[in-house]
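*Asks:* First to last, the protein sequences are chains D and F. Using our numbering, read the first sequence as starting at 1 and increasing by one per residue. Using our numbering, read the second sequence as starting at 1 and increasing by one per residue.
No wet-lab data here; the hints were simulated from the structure. Hints may be right or wrong, so weigh each one.
[Said to hold, decoys possible] SDA-like cross-link-like pairs, simulated, lysine to any residue; straight-line CA separation at most 25 Å:
{"#": "1", "chain 1": "F", "residue 1": "Lys102", "chain 2": "F", "residue 2": "Thr5"}
{"#": "2", "chain 1": "D", "residue 1": "Lys57", "chain 2": "F", "residue 2": "Ser29"}
{"#": "3", "chain 1": "D", "residue 1": "Lys106", "chain 2": "F", "residue 2": "Gly100"}
{"#": "4", "chain 1": "F", "residue 1": "Lys58", "chain 2": "F", "residue 2": "Ile107"}
{"#": "5", "chain 1": "D", "residue 1": "Lys106", "chain 2": "F", "residue 2": "Val111"}
{"#": "6", "chain 1": "F", "residue 1": "Lys70", "chain 2": "F", "residue 2": "Ala80"}
{"#": "7", "chain 1": "D", "residue 1": "Lys11", "chain 2": "F", "residue 2": "Glu44"}
{"#": "8", "chain 1": "F", "residue 1": "Lys102", "chain 2": "D", "residue 2": "Asp53"}
{"#": "9", "chain 1": "D", "residue 1": "Lys106", "chain 2": "F", "residue 2": "Lys102"}
{"#": "10", "chain 1": "D", "residue 1": "Lys65", "chain 2": "F", "residue 2": "Asp2"}
{"#": "11", "chain 1": "F", "residue 1": "Lys102", "chain 2": "F", "residue 2": "Gly59"}
{"#": "12", "chain 1": "F", "residue 1": "Lys51", "chain 2": "F", "residue 2": "Asn97"}
{"#": "13", "chain 1": "F", "residue 1": "Lys70", "chain 2": "D", "residue 2": "Arg44"}
{"#": "14", "chain 1": "D", "residue 1": "Lys18", "chain 2": "D", "residue 2": "Pro8"}
{"#": "15", "chain 1": "F", "residue 1": "Lys51", "chain 2": "D", "residue 2": "Gly40"}
{"#": "16", "chain 1": "F", "residue 1": "Lys70", "chain 2": "D", "residue 2": "Asn99"}
[Unchecked claim] Just a sample of chain F residues kept apart from chain D, beta carbon distances all over 12 Å, derived:
{"#": "17", "residue": "Lys17"}
{"#": "18", "residue": "Gly56"}
{"#": "19", "residue": "Ala80"}
{"#": "20", "residue": "Ser81"}
{"#": "21", "residue": "Val113"}
Values in this document were obtained by computation on a predicted structure and should not be read as measured data. Positions of the beta carbon are idealized from the N, C-alpha and C atoms, including for glycine.
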Amino acid sequence: EAAVTQSPRSKVAVTGGKVTLSCHQTNNHDYMYWYRQDTGHGLRLIHYSYVADSTEKGDIPDGYKASRPSQENFSLILELASLSQTAVYFCASSADRANTEVFFGKGTRLTVV
Amino acid sequence: GDSVTQTEGQVTVSESKSLIINCTYSATSIGYPNLFWYVRYPGEGLQLLLKVITAGQKGSSRGFEATYNKEATSFHLQKASVQESDSAVYYCALSDNSAGNKLTFGIGTRVLVRP
Numbered sequence: 001e002a003a004v005t006q007s008p009r010s011k012v013a014v015t016g017g018k019v020t021l022s023c024h025q026t027n028n029h030d031y032m033y034w035y036r037q038d039t040g041h042g043l044r045l046i047h048y049s050y051v052a053d054s055t056e057k058g059d060i061p062d063g064y065k066a067s068r069p070s071q072e073n074f075s076l077i078l079e080l081a082s083l084s085q086t087a088v089y090f091c092a093s094s095a096d097r098a099n100t101e102v103f104f105g106k107g108t109r110l111t112v113v
Numbered sequence: 001g002d003s004v005t006q007t008e009g010q011v012t013v014s015e016s017k018s019l020i021i022n023c024t025y026s027a028t029s030i031g032y033p034n035l036f037w038y039v040r041y042p043g044e045g046l047q048l049l050l051k052v053i054t055a056g057q058k059g060s061s062r063g064f065e066a067t068y069n070k071e072a073t074s075f076h077l078q079k080a081s082v083q084e085s086d087s088a089v090y091y092c093a094l095s096d097n098s099a100g101n102k103l104t105f106g107i108g109t110r111v112l113v114r115p
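The task is simple: from the sequences and hints, build the whole structure.
*Replies:* Structure representation (structure tokens):
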């Protein structure tokens, strides 16, 4: 069974602080993604990566950085957390074939206070 | 840009009754998107329920069905007889045909099945 593991599962951060969300996959997938979900919105793509040491901007990258140090690991970094970044964040992975299934982690609930 | 609109909020249905969740899409950057339904059970990540990549075709899984209607730009999800275990959040989504599998999601519809 394909597995995507996110840590932490829940976090409270202070406005202006740095937050790092981590993601690890054991699927041997080339693609990894970070999405966020807010009340009133579907999941929106923040950053993605198709190879280690390279990341790409998604639809809403402002205020976020991403890091892909290895095929298995993909981090999302909030250098200066803001109230508007309170959301649930999902990491996902997929193979590099078109139309293939995307596998999601269980999500990280981030609250910025 | 591309967008997906689906039934908003929560749908409550009694066990053994039928369920329909409406989904329409707008794919301005691609002519024929690939269409998906994902489901999120309590405490779990999203998982693929079904997908259809060819217009006019129907996908099915776990008793759910959805037909890719290109003319109506719709991909409604239906089940004839729901069970309590179908209580979850359902997301309609689309992607283009690139290898990136980047998904555009609808807002999600929470389904509560009452025994």
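*Asks:* Which of the numbered hints above does this structure break?
*Replies:* none
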